[in-house]
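*Asks:* Sequence:
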Amino acid sequence: MTTISSKSWLYNLSIPFPCALYTALSRSGLPSNEKRGDPSQHRQVADQEGPKKNGVAYRRPQFDSERYLRGPLSVNPATRLRQMLAHPGIVVAPGICDGISARCALEAGFSCLYQSGAATTALPDLAIATLNDFLEAIQMVCSLDPTPVIADADTGFGGPTMIFRTVKQYARAGVAALHIEDQVQTKRCGHLVGKQVVSREEFLTRIRAAVLARDSIPGGSDFVIIARTDSAQVLGMDEAIARPQLAADVGADVCFIEGVKSQELLRATVVALAPTPVLVNVISGGLTPSLASKEAEAAGAKIIIFSLVSSVAMIHACRSAMQSLKKTGTDYTSARGMDPTAFFKTMGMDDIVAFDCRAGGSNFKNM
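Heads up, the sequence shown is in UniProt numbering, so the first residue is 1 and it goes up one at a time.
Fair warning: there could be bad hints in the mix.
[Stated by the list, open to error] Have a look at the derived ranges for each label pair, beta carbon to beta carbon:
hint: 1; residue 1: His316; residue 2: Ser65; range: 33 to 43 Å
hint: 2; residue 1: Asp339; residue 2: Ala108; range: 42 to 52 Å
hint: 3; residue 1: Pro146; residue 2: Pro340; range: 20 to 30 Å
hint: 4; residue 1: Val184; residue 2: His87; range: 31 to 41 Å
hint: 5; residue 1: Gly89; residue 2: Ala268; range: 14 to 24 Å
hint: 6; residue 1: Gly158; residue 2: Ser284; range: 26 to 36 Å
hint: 7; residue 1: Ala268; residue 2: Lys327; range: 46 to 56 Å
hint: 8; residue 1: Gly71; residue 2: Thr161; range: 35 to 45 Å
FYI, nobody ran anything at the bench for these hints, they're computed from the structure. We treat Cβ as the ideally placed atom computed from N, Cα and C, and that holds for glycine.
Please build the complete structure, drawing on both the sequences and the hints.
*Replies:* Here's what the structure looks like:
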């Protein structure tokens, strides 16, 4: 092991960087497709510190679900998400697109949020958004509340070392979990046609890199790694099930098959991927039917995300307000009686004023 200086881009800390990263990633590769056979036959389990060593599936005792069944919910978002995954019930995470939508989700009582890559910029989801774009969005959202945020990380934004950096920066920003997918770098929204995916080996290299990065965080981390595959629409469901099975072998905590086309198919994938939890993504009009959270739970899914719920609602509401303003010359109708005080209360004004008073401030006493 070699130590990277504090001036490094790697987390801006003196941390051990696995110098054998490339070696580890290549040597821990799985057999060829012809020799692999049924991935479930390879799912042996042993205590170890690295992903898929000596053909034995990755396991860290600290992540055993029993550990997260005890005690109150943690203030650490990643630990809290693991507690939610360990307890019965489905985790429902509405997609957010900015701080205002996050505030609305929290106000509605949601216990988990999802930061969609498609909602990160005002551009189409066509591999345009960068790591910095994603970080800018998630840093602001994660600063609002300890509620866990699951964040899209596209393909990891590059090769193994870039994925290493991505995981470290997401964790540092306060994200509870990210998902990394197997599309090519010039990716697109998973619910658009014409997708292309990388090989199994390259996908598993991405997941290994993410796991190595998480496991190298000083002091240990409960950060959750979600393996997403878009191969169902390209290579078929057999491959779409095989890839997350193998990803779980190298350390993925949750499996995510994009574009599962029926509740029955979702149920079958849950069975095939057990005991690894399964995430399902629902977008109205997308590849997956508009399942309600109870329907997804009945099929065995552990997490359901509604990626564009706030973005689409915002477009409809904002479009209507702008058209009304253009037509009438006033915002009275679209405001629906919400004055500035009511608006800022939604943004957390009461908590901020109360904090100012506790600290001895007096500027906001007459709000």
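*Asks:* So which hints don't hold here, by number, going up?
*Replies:* Hint 2 is the one this structure does not satisfy, whereas the remaining hints hold.
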